[in-house]
Structures are given as C-alpha cells and as structure tokens.
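Peer 1: Between the sequences and the hints, there should be enough to build the whole structure, so can you do that?
In the order they appear, the protein sequences are chains A and B.
The opening residue of the first sequence carries number 1 in this note's numbering; numbering runs sequentially from there.
The opening residue of the second sequence carries number 1 in this note's numbering; numbering runs sequentially from there.
What the hints contain is simulated information worked out from the structure, not anything from laboratory work.
Result set (EDC-like, lysine to aspartate or glutamate): computed pairs, CA atoms no more than 20 Å apart in a straight line:
hint: 1; chain 1: B; residue 1: LYS50; chain 2: B; residue 2: ASP81
hint: 2; chain 1: B; residue 1: LYS247; chain 2: B; residue 2: GLU237
hint: 3; chain 1: A; residue 1: LYS219; chain 2: B; residue 2: GLU237
hint: 4; chain 1: A; residue 1: LYS137; chain 2: B; residue 2: ASP123
hint: 5; chain 1: A; residue 1: LYS307; chain 2: B; residue 2: ASP240
Between beta-carbon pairs, the in silico distance windows are:
hint: 6; chain 1: B; residue 1: VAL230; chain 2: A; residue 2: ASP300; range: 17 to 25 Å
hint: 7; chain 1: B; residue 1: MET33; chain 2: A; residue 2: LYS280; range: 31 to 39 Å
hint: 8; chain 1: A; residue 1: SER158; chain 2: B; residue 2: GLU147; range: 42 to 50 Å
hint: 9; chain 1: A; residue 1: SER42; chain 2: B; residue 2: ASP210; range: 39 to 47 Å
hint: 10; chain 1: A; residue 1: SER306; chain 2: B; residue 2: LYS193; range: 55 to 63 Å
hint: 11; chain 1: B; residue 1: LYS195; chain 2: A; residue 2: GLU215; range: 51 to 59 Å
hint: 12; chain 1: B; residue 1: ARG82; chain 2: A; residue 2: PRO303; range: 51 to 59 Å
hint: 13; chain 1: B; residue 1: ALA233; chain 2: A; residue 2: ARG202; range: 20 to 28 Å
hint: 14; chain 1: A; residue 1: ASP281; chain 2: B; residue 2: GLU106; range: 50 to 58 Å
hint: 15; chain 1: B; residue 1: GLU245; chain 2: A; residue 2: ALA171; range: 53 to 61 Å
All residues carry an ideal CB built from backbone N, CA and C; glycine is no exception.
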Amino acid sequence: MSILILAEHEGGALRPATLSVVAAAKAIGGDIDLLIAGHNASAVAEAAGKVEGVSKVLHCDDPAYEHELAENLSSLVVSLADKYSHVLFAATAAGKNVMPRVAALLDVSGISDITEVVSEDTFIRPIYAGNAMATVKSSDRIKVVGVRTTSFDAVAESGGSAAVESVAAVAGSDQVSFVGQALSQSDRPELTSADIVVSGGRGMQSGDNFVMIDEIAAKLNAAVGASRAAVDAGFVPNEYQVGQTGKVVAPNLYIAVGISGAIQHLAGMKDSKVIVAINKDEEAPIFQVADYGLVADLFDALPELSKALDA
Amino acid sequence: MKILVGVKRVLDYNVKARVKADKSGIELANVKMSMNPFDEIAVEEALRLKEAGHAEEVVVLSIGATQSQETIRTGLAMGADRGILIETDDLLEPLAIAKLFKHVVEKESPGMVLLGKQAIDDDSNQTAQMLSALTGMSQATFASKVEVDGDHVNVTREVDAGLETIRVKSPAVISTDLRLNEPRYAKLPNIMKAKKKPLEVIAVGDTGIDVSSGLAVVEVNEPPEREAGVIVANVAELVDKLRNEAKVI
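Peer 2: Below, the structure is given as structure tokens:
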C-alpha cells in the first residue's frame, strides 16, 4: 500500500486534523506520504517531516494554494495520485471541499467520513446522522477517503525523519478567486480537538448569555460549541455549530447546556466519552445520551457550576 | 439563465433511522419520506434568484424510484417550472449521481446548478463537488450567501473557522448550507398548480450513463450503544462525579 495524504495547515503549522489522518493511514498500512501545498509554507513541510509514521513529505509551494481553493488542490493531488493505492483527506470543511473532486477526476467513488479501517479496502462510515454504521468495501484501483478525525487518535508530531521533496505546482484555475474571510478569534481551544467542550443551545435565550458558557469554558480550558438552534437564532456564529452537518466532536467531556438533543445534534457529539446535560425539561432527549443529567434551570445552574469549579 | 436544482427523497429528518434486522440497510417501509432539507434550501434559493430576475426557469431534477415524483412535485409546488426524474430503484453512489446530473447539464445547459450540500441519509457531501469536477463548472460549496454579479457569482461559504467568500465564474455548481435561506411552504393553490407542470420521467438505462460503482455496502449496523446515565441532584453532585468518578475534570 502507499498512501498520499493532503495535509492541512494554517499559520505555519500543521492542523491537528492531519495527525489523525496519518493515524488512519497507519491503520491501512504502507508508505505514508504527506503533501504540503501552500504558499511560503516550508516551515510546515519541515514540521511534517518530523511527524511519526510519515515516509516522505511532498512540498508544493505556489500562491495558487494559499487559500485552499478546491480546484487548485484537487488538480495538484490528481497529478500525483496515480502512484498511490489510497488518497486520504481530513473530513474537515477544507478536506470535504477537495476529496470528492479528486475522486471524480480519478473516476472512483469517494468514501466520506470513515470512522474505522477494517482493512485496506473496507471501511466503516456513519450514515443517517450516525444512527447507522455502514461497512463499505471498495474495488476501485485508488481508494479516495475522507477521515473523521475524532475517530483516530493523533500520531505524535515528533519521532519521524522523512525527507522533504519538492513537487511542481499545477496551473491554478482562473474560474475562482478568493475574496475574503471572516474568521472567529478566540482564546478557546479549537472545537474539534479540544478535550472538553461546553455547548449552549436555544435555552441560552440570547447571544449575550453565552458569556456564562464562556466563563465555564475558560475555567475548564474548554472549547465552546452550540446547537444549530443557537446558531440560527444568531446567538453565536456558524462555526460553533456541533451536529450532523456542522462539526463532529468527541471530547473527553461534553457539557450540553439548554440543548434538547435533536437527532442532528447528537450526531455531532454522541461519541464524546462523558456527556453532561443541563436542561430544565426532564423529557429532553439529551438526557438519553447523557452520562450525568442535571434537571435544572441553566440560569441557576451555570453560576453555581462556575463557583463550584473555583473550589 | 436556467437553474437546475437537485432534490432527493430521503427519510424525514424528524424520524430516527432504524437498521433492518438483516443488516442490509435502513427500514424505509411505511416511514415518512420528505425532500432532503438542504435541497429545500436549494429550491428556495433558485426561486429567489428567479424572482430577482437572474433566471427565467427553474428545473428540478431527482434521481430515484418512482415515488421521487412526489418530491419533484413539492419543488414544483414551491414554484419551480418543470421537473425531471431519472428513474432507478437502485441506490446510486454520488459518482453515478454526478454523472447523471452531468448528462442532464449537457442537455439543459443551465447557468447554475444548486444542490444540497449533503443528503441526510448517506451524509456523503460529494455530489456538487463531483459534478463541478466532471463538467468543469465552477465550484462553491456550503453556501450561506449567493450573489449573482454579471457573469460571476460571489458565494460566502461556511468553513471550519468561520466564513469565507469566493468569486466564481458562471456557470457554477453551488451546494447549499443551512443558513442560506429559509424555504417557503408550498401553498395549497400552488400544490394544485404543480400537478399540471411538466414532469419528464427517464429510465436510467435510457441515459446510456454507466452507473456501476466500485463501492459496495457489505452491511449496515447499529452504532455502539451508550450505557445509561444517571440524573444528579444538584451542581455539587455533578462536579463531584466529574472529578472523582468520571475523572474528566
């Protein structure tokens, strides 16, 4: 087997998601090559060479790759893919944007969001908002796979000593240009890789009330998440959304505050190790997945919790 | 321009999927089916673009069993002009769906294709990207805002760290995310009118497209079950359990 991974990076460092994709590649077995495509990203390429389990780093430096444009990344990956048995992507927004293009251009199926490697041609992936798990087997000559990063523990960032090789850029597309971005700035850890997540739902009643969530999160060094209802109501920006079509998280501790527990929300957090629910409605479906449920008004419980965490 | 919108008939989002005892798939007999929620958003966006004068015709395309005609009729009732069903009883992979869409794109020459970002049954999130790659149309996924600007489209996309805006040349394939719009309900007079709008049915075999797949479903299982939890009496007990029993804080 030989596996090509499109690495993700930002701010001069590999995204943690990439380390989980390497773990998935190790489960498949074989040589693992990490492709770093970016602009002025040699520091990332160097860091990639130190990642445990990586055989080789392919480094492609060109302005065309600065903003992760799908057309440009996919044509680059396709130009390299024929030497490999597998091409892997993280199931992040960035990875999902590219993976299916590569599959289609190679005329093979895309296998989205795998949670388990059974063998080099057989994988398990969630369907129906994670209410069912499908075991799929591929007979395609190249397996193009998206990896759910919460299902694979990240490999170590050191211990590897792979060489870095330059690869030629492929001409960028003239059909798309990057205009701008509005990214959240936060002191909190990143949602999909945090050990603890505190999420607020419709029960928070306003965006201002989310400071109560922030306070708890700060004390626990946790990330802050939200249900779709809270995002739709404008309480928090879209990137906070945890769920079937938002972010999938699996932290050690997930605290759901004022979240009823709709199927679609559960899909994004039910693999958390410990789930806590705080909701004043004892019939709320969230209590069915919670390890510890507190039936209480969050406007009483959160200040109490904040004080208790100081003790 | 003409806008082509893809719609899929799926298990209603309020219904919890149940795995069949023989592990071959999901129990879909006698359960409520509806238009994929992201596809409703796609139809709505197409209608708004038409109402704003950017398009003259909205065509709804579905690929599936004959009952998918109901789903197309829902799109027509919302306000689309005509529908096309490529009929097949087989569950097709996104690659096959994209190839069939490409076949229709070649016949219809739409200026824009709007698709839901993912179907809530297979959760693949691939068709729009694949269609773009196969046809060479521009790609703009996870759209939370679509703004036509001459022969370009400015699309704001929901990405992991927030929002990004890209500018793509038409024709484009755009996949819709949750906050792009709030779909209208079809009103009764429009539901009646929809019955008279054209709906063409094509057997998948008659398209000449190879829909074979390199991916086979071996089996479908229930996810691992969580052990039942406990209700705690108060915050003090909760913190105690988290510290001393679960040891997560």
